[in-house]
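Engineer: Which chain is which? The protein sequence lines are A and B, in order.
Its first residue numbered 15, the first sequence is counted upward by one per residue in our numbering.
Its first residue numbered 15, the second sequence is counted upward by one per residue in our numbering.
Hints in this document: simulated from the structure, not taken from any laboratory.
Please note that a few of the clues may not be correct.
As the list makes no split between identical chains, a pair holds if one copy fits it or if it spans any two.
[What the hints assert, rightly or not] Distance condition first, Cα-Cα at most 30 angstroms in a straight line; then the derived DSSO-like pairs of lysine-lysine: (1) K195 / K116; (2) K239 / K90; (3) K257 / K23; (4) K214 / K259; (5) K195 / K18; (6) K171 / K23; (7) K309 / K116; (8) K169 / K214; (9) K30 / K234; (10) K273 / K171; (11) K195 / K214; (12) K18 / K234; (13) K43 / K273; (14) K214 / K116; (15) K214 / K239; (16) K23 / K234; (17) K214 / K234; (18) K43 / K30; (19) K171 / K18; (20) K171 / K259; (21) K39 / K257.
There are 2 protein chains.
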Amino acid sequence: METKILYGKEVAEAVKEGLKPRIAKCVEKGIHPGLVVVLVGEDPASQVYVRNKTRACESLGIYSETLRLPAETTQKELNELVDQLNVDDRFHGILVQMPLPKHLNDIEIIERISPRKDVDGFHPMNVGRLVQGQNALLPCTPAGVMEMLIYYNIKTKGKHVVIVGRSNIVGKPMLNLMYQKSEYANATVTICHTGTRNMKEYTLRADILIVATGVPEMIKAGMVKEGAVVIDVGVNRVNDKTKKKGYRLVGDVAFDEVKEHCSAITPVPGGVGLMTIAMLMKNTVQAAEDHINLKNDGKK
Amino acid sequence: METKILYGKEVAEAVKEGLKPRIAKCVEKGIHPGLVVVLVGEDPASQVYVRNKTRACESLGIYSETLRLPAETTQKELNELVDQLNVDDRFHGILVQMPLPKHLNDIEIIERISPRKDVDGFHPMNVGRLVQGQNALLPCTPAGVMEMLIYYNIKTKGKHVVIVGRSNIVGKPMLNLMYQKSEYANATVTICHTGTRNMKEYTLRADILIVATGVPEMIKAGMVKEGAVVIDVGVNRVNDKTKKKGYRLVGDVAFDEVKEHCSAITPVPGGVGLMTIAMLMKNTVQAAEDHINLKNDGKK
Chain A
15 METKILYGKE VAEAVKEGLK PRIAKCVEKG IHPGLVVVLV GEDPASQVYV RNKTRACESL
75 GIYSETLRLP AETTQKELNE LVDQLNVDDR FHGILVQMPL PKHLNDIEII ERISPRKDVD
135 GFHPMNVGRL VQGQNALLPC TPAGVMEMLI YYNIKTKGKH VVIVGRSNIV GKPMLNLMYQ
195 KSEYANATVT ICHTGTRNMK EYTLRADILI VATGVPEMIK AGMVKEGAVV IDVGVNRVND
255 KTKKKGYRLV GDVAFDEVKE HCSAITPVPG GVGLMTIAML MKNTVQAAED HINLKNDGKK
Chain B
15 METKILYGKE VAEAVKEGLK PRIAKCVEKG IHPGLVVVLV GEDPASQVYV RNKTRACESL
75 GIYSETLRLP AETTQKELNE LVDQLNVDDR FHGILVQMPL PKHLNDIEII ERISPRKDVD
135 GFHPMNVGRL VQGQNALLPC TPAGVMEMLI YYNIKTKGKH VVIVGRSNIV GKPMLNLMYQ
195 KSEYANATVT ICHTGTRNMK EYTLRADILI VATGVPEMIK AGMVKEGAVV IDVGVNRVND
255 KTKKKGYRLV GDVAFDEVKE HCSAITPVPG GVGLMTIAML MKNTVQAAED HINLKNDGKK
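Just chain A, same shape as in the assembly (with noise of 0.2 angstroms):
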């Protein structure tokens, strides 16, 4: 059977249409979807990320304004400014690009937004409620992969999930959604990390592989049971003299040979990493529902 590719391009597109008909139900209601993003400094990956961000607000008419500040901008700043846009309704969700100068303390800023308005879904709130399987915005990737993983309908009840990595802003989320009692999780979870002990024992057994470690191309073929989904979350830079920007981008996963080995996968780039984006932009609408939703409910 040949292995199947898990384009994430299409299933962005397929998210982002199904936006149109609710961003035009919101502005029908009088109410323009909007999404501030805060750049502090003057990090050239973070400038494109935003670039990205805003540009997909733009194809979308979701109204959004980039907020660019100086590196040296004190805690003292940005919590104020952080607390004007919890209050501005032309804003239903904030994104504060991270990293930050080391000397601003980003658990101190990701808590000061509003969690009605945290599209990021980084804040306590959301991850809390997450896990106890209320409603909540969802952090973009992990819930990317979730979209995908419907959209090319691999079915993930009673399946046996292995995440590799365990950092805030994909392994956790991602592990706390897929054991969730709902239609599309219901998985076995076992979650890996620097500190497992004989990774391939348990990377062996996933029906599903999630990898999201920034180590590159650390799953070898000999990881990876015969006939798994491999997703691939990782984006790295490596050294290539025959490329004219001096590198190359490679997941976590060594595609060329795990490839031979699974049943489906995700490319890198073209995987997951398109998909952030395309979440991004439905927190935004989300948020944007519940801010009208909540309006009603306050004229009940």
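Following the hints, complete the assembly by docking chain B onto the known chain A.
Structural biologist: Positioned in the frame of chain A, the structure of chain B alone reads:
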């Protein structure tokens, strides 16, 4: 080798002993740690639990009050009471005894309690912080399991911990505690539940098996690896005419047969169950200490 029986009583005593100097220090600073327990309705089991909790407070010199509300209490009344207690400086911990009568929304109440006073550790804010590896008030039963493992010098680092059960109260927080990158966690963790196929395949691989399902004696000898550590969080009543009360208490593990195969096991009763109230006391003292620190920070 003989199987070690892990009794909860001596660990709970050790935890409470450890609290005495901390309580004395709070009192020295003019703050008497206080717990308020809110009991709605007449559930007989809840009455017993509440009595045990306030007795534990008395024995340690923690100030406590029990507020008994009629079963007909409205959501609005209960909300308003919680609001008052949130700003009542006599109480550093607020415990609303669950389950609430069916007309009341327990999630609304849990989220209304100030996360700082949430000594049950059920507020999403505390759950989210736990997941993210930040300081949090931890749910009492899983925190009690961690204490027992530390007390009996059972290392979790690099071990395979398998958790059976995905309740908000035990299974989920237990999972999220166990994989954290810390000296007393750092395990590879698998979570199983009612959606798991071939449960035995997973439980047989556990170095440490933690069971919290509410299904009497579901874990049989054939499901446990030789030499494993077995932690039984279940407390179930089964009919037994030979007993005065007409029932006896059993765990989720078939103790007599599993005991023969494992290196250590918690009994029911007498095991994990005894830890919960001790951990509630610990959370109350913790909340009082945090209150003092916060006040002092404010003075700076």
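Engineer: Any of the earlier hints contradicted here, and which numbers?
Structural biologist: 2, 4, 9, 13, 14, 20 and 21
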